[in-house]
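K.L.:
This is what each chain is made of:
There are 2 protein chains.
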Amino acid sequence: MGKKKLEKIRNDLFLRACKREAVERTPIWIMRQAGRYLPEYRKVRAKTDFLTMCKTPELASEVTIQPVDIIGVDAAIIFSDILVVPEAMGMHLEMHEGKGPVFPEPLNNEKDLNRLKEVDPFGDLGFVLEAVKLTKKELNGRVPLIGFAGSPWTLLTYMVEGGSSKNFSKVKSLIFNRPDLAHKILTKITKAVTDYLNAKIFAGVDAVQIFDTWGGVLSPKDFNEFSLYYVKQIIDGLNRNSNQPVIFFPKGVHYNFNEIAESGADVISLDWTVNIGDVRKEIGDKVALQGNLDPTVLYAEKEVIKIKAKEILSSFGKGSGHVFNLGHGILPDVNPDNAKTLVEFVKEESSYYH
Amino acid sequence: MGKKKLEKIRNDLFLRACKREAVERTPIWIMRQAGRYLPEYRKVRAKTDFLTMCKTPELASEVTIQPVDIIGVDAAIIFSDILVVPEAMGMHLEMHEGKGPVFPEPLNNEKDLNRLKEVDPFGDLGFVLEAVKLTKKELNGRVPLIGFAGSPWTLLTYMVEGGSSKNFSKVKSLIFNRPDLAHKILTKITKAVTDYLNAKIFAGVDAVQIFDTWGGVLSPKDFNEFSLYYVKQIIDGLNRNSNQPVIFFPKGVHYNFNEIAESGADVISLDWTVNIGDVRKEIGDKVALQGNLDPTVLYAEKEVIKIKAKEILSSFGKGSGHVFNLGHGILPDVNPDNAKTLVEFVKEESSYYH
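For the protein sequence lines, the chains are Y and D, in the order given.
Last residue of the first sequence: number 371 in my numbering, and the count goes up by one each step with no gaps.
Last residue of the second sequence: number 371 in my numbering, and the count goes up by one each step with no gaps.
If you're looking for bench data, these hints aren't it; they were derived computationally from the structure.
Glycine included, C-beta positions come from ideal geometry on N, C-alpha and C.
Please note that the accuracy of each hint is not assured.
Straight-line Cα separation of at most 25 Å, SDA-like style, residue types lysine to any residue; simulated pairs [said to hold, decoys possible]:
hint: 1; chain 1: D; residue 1: K154; chain 2: D; residue 2: T73
hint: 2; chain 1: D; residue 1: K116; chain 2: Y; residue 2: G179
hint: 3; chain 1: Y; residue 1: K238; chain 2: D; residue 2: K335
Derived Cβ-Cβ restraints for the label pairs, each shown as a range [unchecked claim]:
hint: 4; chain 1: Y; residue 1: E111; chain 2: D; residue 2: D66; range: 51 to 57 Å
hint: 5; chain 1: D; residue 1: N256; chain 2: Y; residue 2: K201; range: 41 to 47 Å
hint: 6; chain 1: D; residue 1: H113; chain 2: Y; residue 2: F144; range: 49 to 55 Å
hint: 7; chain 1: D; residue 1: P196; chain 2: Y; residue 2: E365; range: 21 to 27 Å
hint: 8; chain 1: Y; residue 1: R27; chain 2: D; residue 2: Y246; range: 46 to 52 Å
hint: 9; chain 1: D; residue 1: N125; chain 2: Y; residue 2: G301; range: 42 to 48 Å
hint: 10; chain 1: Y; residue 1: E318; chain 2: D; residue 2: R257; range: 41 to 47 Å
hint: 11; chain 1: Y; residue 1: L255; chain 2: D; residue 2: G301; range: 40 to 46 Å
hint: 12; chain 1: D; residue 1: E114; chain 2: Y; residue 2: G107; range: 34 to 40 Å
hint: 13; chain 1: D; residue 1: E320; chain 2: Y; residue 2: K25; range: 57 to 63 Å
hint: 14; chain 1: Y; residue 1: S181; chain 2: D; residue 2: Y246; range: 52 to 58 Å
Construct the complete structure from the given sequences, taking the supplied hints into account.
P.N.:
Now the structure itself:
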């Protein structure tokens, strides 16, 4: 770990597009590409539970590489879960089949703040770093490897709600009634996420993505105060020894794009409810854009998938700075052939735009 | 029914604001104001099930008027459910406690199109019209009465998914793979909704609101094709004998505002993820705007509620054309006192803006 990476990544289209450098074609990867839609993934998953997969470097590495082999994506993303960070901060985490993640003892008040311990990523989250090292070795320079973390706001929602939420009533009450306490917790989470991402970079990831899955439930003003502010701090705090690109995905956020573009991220990932061409016009060439095909398009017939993918390519238009992706994670009941069709089509068709 | 309304509505602030006429203060009502957060509502609900309440004019009327008395809102909205229309079209509807609405036999294919019958609102949905008449009589001109319906797209999602949905996989597959069939069904729903709203207007409602609760899960292009197009047809087809205002609420939609403003609606209702002042600047004075306080702000302490409400008033700015509301329905576990605080504050504070 920590050895200067001397290996050359043979397919570096993804890294170049993140930096808005010239590319021969648009690179593509798929959020949640190492996931349940793949029979090969389900075969690994059948042997064990989700968290054990995350914590067993050999298994995490195996499923991370699957979509590179099977679907032909231009980047791998290390298999893990954003909630391993709150767990490392001392919160007991359970994964309930069908129901999702549960923190049986969610954060409630001032006292709970003291329950949150400082994270030593090399100890508490060493299993992720081992998985990164193993995956880098196995990939052997074929494609770049992405590491990721949840944004402090998104992690806070799970830590306060105790799991997934519909109305976010508890965490909203917290930010409205006790903004001081919310900021204290967010500051602690920010430190943990920054250290964690730095450890991942040290272990060898070639890029990082910050998922703000629940940024979009905030009003534009609250988003700036409770989410974007901390994401900026994380990006500022990264030791990017090889200038590793940072991707920020504020899902459901369709506002403040100019402020988001100033966050220090190299790439903004967009969901499918915005027009990628319009956003490009709005924020100019400050950052690259990732996205943003409606994930449900992969339920469609192959010819429709191609038409819809072409609309995205054409909406972004000519020039570099586009990483093709879905607007959110691939859905578990999608036919892998359809994902393959998408990847092959984008690889072929996109050369026209470069 | 159908007698020319000669009664004068004493508090017509809501109607004037919808038409962007001068008002002394900003009117306010609250989506789902006749609902579970009120103990008085729960008392009625305890005696019977949800659909029976919808179908018993005396009960529907009673809970419709409750928030006028208890919370002091400037408009009543007839208690009902958007799914009574698909039910009237021949789809068996069940309301499952805690799980929400279920259509045990959702629409699947061409054959199912023939299962959908034409709706006679005066027969099939006479209970709503009776509730409207009864409520108008009981209100006796105190405040206007709003009638509502779901948009064709939003109704289609329930009819195809068989209930609430997370990923909308079935209805998205339908529009991508069989747009022809989707359009045929949407055309049938549009006819039913138009006839239903016309019957409500005939029965005496003073305004109508069209809820497009799931418009926001579509891409901007698909929204125009599968939702907005049909909403326009409905608005065109209304017989507004007293120029009753139409409110359109495309929840989660944050794009195409200029096209939405051209839909024929008098008022666009906004959720809390857009800045109401920015939207006003964008679309100018083509339409009035309704909204858009984050519903979870009502979990906050009273002083915070006032600060956040003031931010909305100030964001919209001076002049008429603002109907204050939440950005979505009031949540069932809100303290009614907080709703009352909001209403009183808006009534008092908003005179500054007029």
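K.L.:
For each hint, tell me whether it holds in the structure or not.
P.N.:
Hints and how they fare:
no., hint, verdict
1, D/K154 <-> D/T73, "16 Å, holds"
2, D/K116 <-> Y/G179, "20 Å, holds"
3, Y/K238 <-> D/K335, "20 Å, holds"
4, Y/E111 <-> D/D66: 51 to 57 Å, "35 Å, violated"
5, D/N256 <-> Y/K201: 41 to 47 Å, "58 Å, violated"
6, D/H113 <-> Y/F144: 49 to 55 Å, "41 Å, violated"
7, D/P196 <-> Y/E365: 21 to 27 Å, "25 Å, holds"
8, Y/R27 <-> D/Y246: 46 to 52 Å, "48 Å, holds"
9, D/N125 <-> Y/G301: 42 to 48 Å, "46 Å, holds"
10, Y/E318 <-> D/R257: 41 to 47 Å, "42 Å, holds"
11, Y/L255 <-> D/G301: 40 to 46 Å, "43 Å, holds"
12, D/E114 <-> Y/G107: 34 to 40 Å, "37 Å, holds"
13, D/E320 <-> Y/K25: 57 to 63 Å, "60 Å, holds"
14, Y/S181 <-> D/Y246: 52 to 58 Å, "34 Å, violated"
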